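**Student:** Sequence:
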Amino acid sequence: MATSSEAKPANTKRMSDGSFEVVHDGEFDALSIRIRHAGTLPQSTTSPSFPDRVSAPQQPSLSASSPPTVTAQTTPWAVEKTITQSRGEPGKEGKKFVFDRAWLEKDLGKYPAKLHARRVAHELGVNRGIVYLPGQESKYYDDSDMGPRFRQRRHFYYVSGADFPGCVVTYDIARDHLVLWIPHVEPRTVLYFGRLPGIEECKAASDLDDVRPIEGLDKTLAELLKDGDTLYALHPDQVPKVAEGAPVHVDTSSLLRAADNARVVKTEYEVEVIRRANHISSEAHRALLSRLSTFTNEREIDAQFIASCTAHGAPIQSYPLIVASGINASILHYDENNQTLKDGRQFLVIDGGAEFRCYASDITRTLPLYPSPSSSSSSSSSSPFPSPKAEAIYRLVERMQEECIDRVRPGVLYVSLHRHAAEVAVDGLLKLGLLKAESAAEVLAQGTVSAFFPHGLGHHIGLEVHDVAGDERLYMSVVGSSTARSGGRRGRGKREYVPPTAMAALFSDENFTTTATSTTTPPKPTKPYQALRPNMILTIEPGIYFCREYIEGNFLSNPSHARFIDRDVLGTYWDVGGVRIEDDILVTKDGYENLTAAPKGDAMLEEIARGRRVGE
4 MATSSEAKPA
14 NTKRMSDGSF
24 EVVHDGEFDA
34 LSIRIRHAGT
44 LPQSTTSPSF
54 PDRVSAPQQP
64 SLSASSPPTV
74 TAQTTPWAVE
84 KTITQSRGEP
94 GKEGKKFVFD
104 RAWLEKDLGK
114 YPAKLHARRV
124 AHELGVNRGI
134 VYLPGQESKY
144 YDDSDMGPRF
154 RQRRHFYYVS
164 GADFPGCVVT
174 YDIARDHLVL
184 WIPHVEPRTV
194 LYFGRLPGIE
204 ECKAASDLDD
214 VRPIEGLDKT
224 LAELLKDGDT
234 LYALHPDQVP
244 KVAEGAPVHV
254 DTSSLLRAAD
264 NARVVKTEYE
274 VEVIRRANHI
284 SSEAHRALLS
294 RLSTFTNERE
304 IDAQFIASCT
314 AHGAPIQSYP
324 LIVASGINAS
334 ILHYDENNQT
344 LKDGRQFLVI
354 DGGAEFRCYA
364 SDITRTLPLY
374 PSPSSSSSSS
384 SSSPFPSPKA
394 EAIYRLVERM
404 QEECIDRVRP
414 GVLYVSLHRH
424 AAEVAVDGLL
434 KLGLLKAESA
444 AEVLAQGTVS
454 AFFPHGLGHH
464 IGLEVHDVAG
474 DERLYMSVVG
484 SSTARSGGRR
494 GRGKREYVPP
504 TAMAALFSDE
514 NFTTTATSTT
524 TPPKPTKPYQ
534 ALRPNMILTI
544 EPGIYFCREY
554 IEGNFLSNPS
564 HARFIDRDVL
574 GTYWDVGGVR
584 IEDDILVTKD
594 GYENLTAAPK
604 GDAMLEEIAR
614 GRRVGE
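The working numbering puts the sequence shown at residues 4 to 619.
Be aware that one or more of the hints could be misleading.
[Unchecked claim] Each computed BS3-like pair below joins lysine-lysine, with the alpha-carbon atoms no more than 27 Å apart:
| hint | residue 1 | residue 2 |
| --- | --- | --- |
| 1 | K244 | K117 |
| 2 | K439 | K345 |
| 3 | K109 | K592 |
| 4 | K229 | K117 |
| 5 | K592 | K434 |
| 6 | K109 | K142 |
| 7 | K592 | K113 |
| 8 | K117 | K434 |
[As the list claims (entries may be wrong)] Listed next, with one range per pair, are the computed distances between beta-carbon atoms:
| hint | residue 1 | residue 2 | range |
| --- | --- | --- | --- |
| 9 | S385 | R536 | 18 to 24 Å |
| 10 | G150 | E339 | 22 to 28 Å |
| 11 | P168 | R398 | 45 to 51 Å |
| 12 | P318 | R398 | 18 to 24 Å |
| 13 | D212 | D145 | 36 to 42 Å |
| 14 | P168 | G219 | 16 to 22 Å |
| 15 | D145 | E441 | 55 to 61 Å |
| 16 | K244 | V129 | 52 to 58 Å |
| 17 | E189 | R536 | 19 to 25 Å |
| 18 | R536 | D346 | 30 to 36 Å |
These are computed hints drawn from the structure, not numbers from a lab. Everything numeric in this text was worked out from a predicted model, so none of it was measured. Think of the CB as a built atom: it goes at the ideal place given N, C-alpha and C, for glycine as much as any other residue.
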């Protein structure tokens with residue numbers, strides 16, 4: 004959209020071509036970096052806003068492989084209160100990310116706890132009953148007086164906005180009455196651990212009808228339940244004792260499903276918080292680029308990334324940071340983060356996203372560690388990539404992501420984006436000679452592309468980094484809170500594994516719209532695949548990997564797959580490791596907005612090259 008003001012913003016200098024030169028003095032920047040933005044930078048009371056760029060290519064009618072027209076305009080990381088405009092991707096065509104501390108610190112207003120509670124009640128489909136949600140208690144390690152960092156239960160936070168231990172929230176559906184119950188804190192506890200928010204502070208922070216001392220909870224519950232109302236709890240072990248002797252029906256099977264469904268589409272407040280999480284994380288990614296040549300070990304990047312997020316108000320990471328160099332980049336959840344960047348390693352995958360006010364971000368960038376040995380700063384034809392093979396794989400993944408993002412709009416099946424990513428991957432791998440077949444359709448029908456693209460295209464983002472999807476499924480199975488309760492990070496994964504059989508099923512007309520069998524609760528989805536809706540936020544994160552053990556053990560040893568893979572060509576790609584590019588995408592009413600502003604592609608390469616020149 005056109006800029007609303009031509010006024011010169013603070014801390015800028017107007018250039019002769021009408022652009023501004025913005026001075027960015029980051030706390031964790033070794034240098035004051037001057038960022039030139041090619042366009043007018045307007046003042047804004049709500050966000051950093053920028054002029055329109057280009058329109059996305061138009062698509063034909065809605066189908067599994069070809070979505071409807073997307074009127075997406077490429078504007079960098081614009082943030083507005085009303086989500087009505089489609090937007091495109093930041094970080095391309097030389098546009099630079101500008102960190103905006105003033106916008107980041109603006110008051111967001113009260114947390115919409117009441118709105119969220121009403122959404123849950125709507126999903127329950129009842130007009131009376133009591134929703135009972137206890138928060139997380141403080142924990143200690145076994146045989147220790149120390150414990151992990153406190154992490155609030157997500158469904159509790161969703162309807163309370165309270166991020167401290169020992170609370171309970173109740174919602175009387177018939178009276179539309181939401182109450183947060185908070186603990187009394189002994190003076191000696193304050194001496195050791197500090198004070199917790201009081202009644203007035205909680206009322207000021209969240210949209211609640213009342214905040215009361217938790218000592219009065221049992222008496223109030225007994226009164227509410229005496230007429231035989233239904234009490235809704237997430238799990239049997241969370242039912243309050245007062246309900247055991249009351250004439251009340253206890254339902255522990257409906258609330259989880261209702262809360263999951265309520266969280267799928269984000270409220271305006273949630274969108275704004277996730278924007279801020281992305282802004283902080285994008286700055287942490289950007290700050291690494293100009294210093295890439297100074298790092299010698301993965302752990303240094305790990306430390307720098309977390310330091311940047313912490314300095315900007317987000318000390319908690321949404322998930323364990325992944326800093327994977329060389330062949331480590333072929334490991335999806337590599338977490339050692341402690342190996343040298345030398346030894347001819349080609350790529351560095353950095354998968355990291357800060358959490359802001361309990362909401363996640365999830366960003367991945369793949370950086371070339373060293374330019375080609377033959378390149379030099381004086382050569383206009385030098386490549387910023389360590390090898391032609393590395394560049395080819397990066398450009399392939401870049402194409403996979405760009406084409407999938409361009410197809411985002413309401414009504415499109417998310418699974419169709421995954422199918423398209425697989426089609427682009429096969430096309431590229433055939434051209435590179437890694438795959439061999441008479442046609443791409445043969446490879447897709449067998450699912451062999453899973454050797455190189457083994458995970459789902461993405462997932463929802465919200466209070467969890469891999470947020471709930473509700474009754475519907477993104478692709479092969481339902482992954483929700485029920486699996487997260489007992490599953491660990493390695494068991495569940497941030498990216499859903501897509502085996503060859505499942506990939507092949509996506510390209511079978513017979514199976515494409517068939518509801519998958521699920522062994523988890525809530526029960527299998529009521530609709531076969533999830534269509535995108537406005538205010539959903541999902542990642543688009545394609546990748547190509549060369550994990551020797553995985554490919555040799557599952558594909559080269561299987562004749563049905565081995566016939567499509569050229570072993571000799573594959574042998575020259577092991578050192579590439581892997582490439583993944585990931586952004587968080589907001590679905591708008593007629594397209595999408597890319598919430599992630601971390602430079603990628605050519606803009607990323609320019610930042611890295613600039614840092615190398617400064618260091619010479």
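**Student:** Given the hinted pair K109 and K142, is their Cα-Cα distance within 27 Å?
**Tutor:** violated (33 Å)
**Student:** Are the Cα atoms of K117 and K434 separated by 27 Å or less?
**Tutor:** Status violated; Cα separation ~54 Å.
**Student:** Given the hint of 55 to 61 Å, is the C-beta distance from D145 to E441 inside that range or not?
**Tutor:** Given range 55 to 61 Å: holds, Cβ gap about 59 Å.
**Student:** Using the C-beta atoms of P318 and R398, is the stated range 18 to 24 Å upheld?
**Tutor:** Cβ of P318 to Cβ of R398: about 36 Å, so the range 18 to 24 Å is violated.
**Student:** Just to be careful, I want the Cα atoms of K244 and K117 compared with a cutoff of 27 Å; is the pair within it?
**Tutor:** With a Cα-Cα distance of about 26 Å, the restraint between K244 and K117 holds, given a limit of 27 Å.
**Student:** Is the hinted pair K229 and K117 satisfied, with a Cα-Cα distance of at most 27 Å?
**Tutor:** Roughly 24 Å between the alpha carbons, so the hint for K229 and K117 holds.
**Student:** With the threshold set at 27 Å, check whether the alpha-carbon distance from K109 to K592 stays at or below it.
**Tutor:** holds (26 Å)
**Student:** Can you tell me whether the CB distance of G150 to E339 sits inside 22 to 28 Å?
**Tutor:** holds (25 Å)
**Student:** Hey, K592 versus K113, does the alpha-carbon distance stay inside 27 Å?
**Tutor:** holds (25 Å)
**Student:** Cβ-Cβ distance between P168 and R398: within 45 to 51 Å?
**Tutor:** This hint holds: roughly 49 Å between Cβ atoms.
**Student:** Holds or violated: 19 to 25 Å for the Cβ distance of E189 and R536?
**Tutor:** Since E189 and R536 have Cβ atoms about 47 Å apart, the given range 19 to 25 Å is violated.
**Student:** CB of D212 to CB of D145, is that within 36 to 42 Å?
**Tutor:** holds (40 Å)
Hint compliance for this structure: hints 2, 5, 6, 8, 9, 12, 16, 17 and 18 are not met, and every other hint is.
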